[in-house]
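Participant: In case you want the letters, here they are:
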Amino acid sequence: MGWTIGVDVGGTFTDFYAFEADSGAVRVHKTPSTPDNPARAVIDGVNAMAARHGIDLGQVARLSHGTTVATNALIQGKGGRLALVTTAGFRDLLEIGRQIRPHMFDLQKDHPPPLVPRQRRLEAAERVTADGAVRTALGQDEIDRLVAAVRASGAEGCAICFLFSFLNPAHERLLRDALTAALPDLHVTISSDVQPEFREYERLSTTVLNAYLQPVMATYLHDFESALGAAAPRAALGINQSAGGLMSPERARELPVRTALSGPAAGAVGAIHIAGRAGARDVITLDMGGTSADVCLIRDGAADMTYERWIEGYPTRLASIDINAVGAGGGSIAWFDRDGLLKVGPVSAGAAPGPACYGAGGGEPTVTDANLVLGRLSPKGLLGGGMPMDLAAARRAFEPLAERLAMPVERTAHGVIGIVVANMVRALRAISVERGHDPRDFALLAFGGAGPLHAADVARALGIARFIVPPAPGILCAQGLVVSDLRESFVLSRLTRVGAAGIDAIRGMLTELGDRAETWFAGQAAAEDARERQVRLDMRYVGQNYELAVEMDAAAALAADADDLRRRFFAVHDRSYGFHNPDDPVEIVNVRLTAVVRLRHADPPVTAGEPGASPAPFERRDVRFAADTATATPVFDRAVLTPGHRVDGPAIVDQLDTTTLLFPGDRLAVDAAGNLIVEIGE
Amino acid sequence: MSAKPAAAIDPITLEILFNGLRSITDETYIAITKAAYSTNIKERRDHSTCLMDPQGRLIVQAENSLPVHLASMLGLMHKLLEKFPADEIHEGDIFVANDPYAGGGTHLPDVNLAMPVFVDGRLLGFMCNLAHHADIGGMSPGSMAGGMTEIYQEGLRIPVVKLFSRGELVRDVFDLLLLNVRVPEERRGDYYAQVAACKLGVRRLLELAERYDAGTLAAGFAAIMDRTEARIRAAIGGIPDGSYSFRDVLDNDGMGAEDIAIAVRVDVAGDRISFDFDGSGAQVRGNVNVTLNATQSAVYYVLKGMLDPEIPNNDGLIRAVDITAPPDSIVNAGFPAAVAGRANTAQRIIDVLIGALAQALPEQAVGAANGANVTAVFFGADPRTGRDYVYLETLGGGFGGRAHKDGKDGVQVHITNTSNLPVEAIEMEYPLLVESYGLIEDSGGPGRHRGGMGLRRVVRPVGHETVFNGMGERFRHRPWGIFGGGDGATGRFLLRGPAGDEALADKPAGIVIGPDTAVVVETPGAGGYGPPADRDSAALAEDRASGKFSDAYLRRHYGDAADD
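Residue numbers (my numbering), protein chains in the order written: chain Z, 1 to 682; chain V, 1001 to 1564.
These are calculated hints, taken from the structure and not from any lab test. Think of the CB as a built atom: it goes at the ideal place given N, C-alpha and C, for glycine as much as any other residue. Fair warning: there could be bad hints in the mix.
[What the hints assert, rightly or not] Simulated restraints on C-beta separations:
hint	chain 1	residue 1	chain 2	residue 2	range
1	Z	A133	V	E1502	23 to 33 Å
2	Z	R135	V	E1465	11 to 21 Å
3	V	P1531	Z	A325	39 to 49 Å
4	V	G1559	Z	D144	38 to 48 Å
5	V	P1240	Z	K78	38 to 48 Å
6	Z	F579	V	G1386	23 to 33 Å
[Stated by the list, open to error] Quick list of in silico lysine-lysine cross-link-like pairs, DSS-like style, CA-CA up to 27 Å:
hint	chain 1	residue 1	chain 2	residue 2
7	V	K1162	V	K1199
8	Z	K78	V	K1405
9	V	K1083	Z	K109
10	Z	K109	Z	K343
11	Z	K78	Z	K109
12	V	K1083	V	K1199
[As the list claims (entries may be wrong)] Going by beta-carbon spacing under 10 Å, a handful of chain V positions derived as facing chain Z:
hint	residue
13	A1036
14	S1038
15	R1045
16	K1304
17	P1309
18	P1422
19	G1547
Given these sequences and hints, build the entire structure.
Facilitator: Shown next, in the form of structure tokens:
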């Protein structure tokens, strides 16, 4: 069936993971990113990997791509020149937002300026009311006037967002059709297409962001597809989404905003895959890199989703994997706040100059320096990395801190690890405890360059019994792209009381969404047994203004009666808030259906190995688990650890892209898929 | 385990402990947002949570807590400890209060809860929270309108009483609370959310006490407060020594008192700072009086905003500051003064404080912001269901011009930061039509950096008659500019009927309108910073191109420079 290639573009490196299903062959590759034109690194990298590993690019069936083009365009302000059309009386909403300041006490901080300046924000004489009825019709004269105004504005894109368009999109569609007919080169986004949901400001913001990104994404994909077409003519291109799962390049051109948070999402998909192979259904991921740590909760083999995210200071309401990022990475710098408390991050020494121990000009004490001081990292650097680390420089960086604390350097370094771990624990609590999940019911899946090094500390702090380190923790995002499925979501936003009277309306919506999904499935030429349909109902008590997600299989949703739905809502309410009121009326705000086409992913073979055998360490080094005592600790090469091997802590496992730390009492076993499974000791 | 001295806790352990405590207050804050019933809490986030020590001293406040709520929670603890001796405070008790005089509150709609936390029989502290209930009874729906002259008219007064006793709901008390408010089923949901947040906080604190013994926790609490005190004192030490005074007036109380003075003298000497409000007017009949604890909140807000926005809110900040105010004055009201509209006055107190400190800290000062907490309340019976509704909203306005940039347009300022309600939420929930919501042309004061613009919202009842109550400020006295910046525009309430516009009072109550009439709410803009002559030409071009300012306005304030 040929090769599938996952390409993840990161800030520093572009990673490749190639898999051939028939032979089970896996090839990985890394090349420096080219931020000025990210496609270059991708195409060059694909060619270089093919040449190095003898891959016939004519046999590449699919290339799955995680792109940061949208995110970068936002950061650099390089999106399109936009016009916006709103309902008359509401053009300033984009600027007012929720009328709040981003910081309660800071007199200088504002939300970022709107992406459409006021002079290009137009108002349409039209109005739909809360029941979907037309109060003021959008007339032809008004349409003509607006088309002329958009033309005169010189905009390359136009966003349209009218009140209650999620109930009645007719006006938005009328204007869109008139604009595209008159101005065929104009990119047009209407809010009832992007996210037809209640709450106009968030819908407006999402719509404007999408319109802003359309020209950039169109240019990028055009270049990318022609280059890829020349290099790998048979490869179907899939673009990764923030919700995990792939979409077609055509869809990505229509909805570029769906890619804005797709980078970490690929990691979560990769993590689900790894966890499945390790036999774990419930895991919390810890992806710790140089500047930040991303954490995500995976329950019953699926990542938690969120529909509210801020992207570079702009709110959006789009499905994305619920990933919480915290400024805790290997490069995070330790510093004293004004009250004398020691803090770590969010400022990072990054890749350049990097931690003091890199000897590349950095002098600030970082988390990586602390690990080196404690012997948790090797002064020889990562295995095969060939980059030794300067222990003396790391100690020097910590001396001013140690002096101020009147503590030895080692104790100071140990404290810095304690603080960075506490910061990550807080991020993990936010996605577990604050969502009603007990982290002790989960395994921790650690990846990224620094995740496995801190996993034992984090697991202990949360009472987690077990952590997992995948075979290639540094390249999990690219691997996640290879195992991603096709995904599309549909939503109807209709306030509906859950009761005998409302149940028919609910079933009607489910049927309507199901029909849309079938049309999409057919367009993907998906086999029947590859189709999956998941329903999510956003429910609340009548009068509440905040919904809870109640998820179920589409068939179960169609079969459910009002009492079933209420019971499911109560269970979620209990889990989230610890109580429910059985007598109060319940309503549904949104009905969502997610359609997934499962792509065929054969897995690399697993080997049983020799149970219970222990490999020999290649060296011993002094490691400080506690602040004040060093323990002679055996160090193992990950390359010689094979399925069935066991190692008892204290121990260190070094490999090309990470270091795994086992405390005294921790016990490691290598599973059949090559994962390290570490049981935390008492 | 006995309590160690605070100094025994090193900065690393303390940081990790502090991190854990912040997690707890933030988690309880989120729990209220999610579990509450009323829009005012869920969407507008008009609530706060905190942890107090056994002496009622603030240790940690949730990150998104509102400054004015701090005062109520401190006041509640003060009254609670005054009324209940240690042997009458038990595990599982939850105390409730709202009264400014008997319960330490700042106005009646803010309902405070406090739940003690015991570790091994020893009192470790109190988990507290506050939520602004959309109605607390009284003569006026929403309990916030003008026209009230004593606290009894403003709503149900709750002294500190037990809502839960040893884990059991005191049903008699709860029944009494709910009978006295409008839309009781919604209030009940809000109370449940607050109770759940108390219990959650206690559970989390007990988990923390398993990792740190009670002695370490107590020492940690003390160390957190001590370090914050040292931090704020160092910042105060950076203010040039001297005496700085400022004075402004409140428009009126809606009951006949006009131009109510608010005056302050700030004395700075080394790391000591004191605020004396002598010269402020006597308390008034209208409900714009402020209790002393709310005045204190305003002072802490200004110190943080001008000196150190990231400093933690706790007793260390509070004890570093001396505040005095004449008794029975507008800034230190005594029983039975009416206080529902205290947020407007608190905003003016902040303007006055910034005006005084501007002389010492010009870079950190800002022009007068909209100086109000313009409130609009609509009350009626929904013709679709026959059920009563109360829709309350407070609107932002201009933020003052700053040393290095313009003031923000259309935003909540200073003492409040509550969100607006989505138009689609209003119209689905209430029989009202929002006809427009936008910025008001020419409302921002001119300056090198101009003041922000006010907001206009137009609301019309659909298919029924609604009752409108409003509370406006800076409707007469314009928000002033600073260092040569010009004044912003005032706000106003209008009725827009078939016969045209009709002006309403600044604090109108009981205005009945039908579907042929709309209420127009206009909030004040804000003052500019620095002389208009210094305004950058590109900024001026943008003022014109954006349509935010008319040609006539630009010519009037910027002269020839405005003509491109």
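Participant: A separate judgement is required for each hint: does it hold in the structure or not?
Facilitator: Tested hints:
For the hinted restraint 23 to 33 Å between Z/A133 and V/E1502, the CB-CB distance of approximately 30 Å keeps it satisfied. With their beta carbons about 20 Å apart, Z/R135 and V/E1465 fall inside the hinted range of 11 to 21 Å. At roughly 44 Å, the beta carbons of V/P1531 and Z/A325 sit within the given window of 39 to 49 Å. Between V/G1559 and Z/D144 the beta carbon distance is about 40 Å. The supplied range of 38 to 48 Å therefore holds.
As the Cβ distance of V/P1240 to Z/K78 is approximately 45 Å, the hint placing it in 38 to 48 Å holds. For Z/F579 paired with V/G1386, a C-beta distance near 29 Å keeps the hint of 23 to 33 Å intact. In summary, the hint linking V/K1162 to V/K1199 is supported, as the alpha carbons are separated by about 15 Å, within the 27 Å threshold. For the suggested pair Z/K78 and V/K1405, the alpha carbons sit about 23 Å apart, so the restraint of at most 27 Å is met.
With a CA separation close to 42 Å, the supplied pair V/K1083 and Z/K109 exceeds the 27 Å bound. Between Z/K109 and Z/K343, the direct Cα distance comes to roughly 22 Å. Compliance with the 27 Å bound is thereby established for this hinted pair. For the hint linking Z/K78 to Z/K109, the alpha-carbon distance of about 23 Å falls within 27 Å, and the restraint holds. Taken as a hint, the V/K1083 and V/K1199 pair is honoured in the structure, with Cα atoms around 22 Å apart against an allowance of 27 Å.
Proximity of V/A1036 to chain Z holds as hinted, the smallest CB-CB distance being about 8 Å (cut-off 10 Å). Hint status for V/S1038: holds, given a least beta-carbon distance of 7 Å to chain Z, under 10 Å. For V/R1045, the interface hint holds, since its Cβ comes within 10 Å of a Cβ in chain Z; the closest pair sits about 8 Å apart. Hint on V/K1304 holds. Least Cβ distance to chain Z is approximately 4 Å, under the 10 Å limit.
With 10 Å as the threshold, the beta carbon of V/P1309 comes within range of chain Z, its nearest partner Cβ sitting at about 4 Å, so the hint holds. Hint status for V/P1422 relative to chain Z: holds, with the closest Cβ pair at about 5 Å, below 10 Å. The interface hint given for V/G1547 holds, since its Cβ lies 6 Å from the closest Cβ of chain Z, which is under the 10 Å cut-off.
Violated hint for the displayed structure: number 9, the only one.
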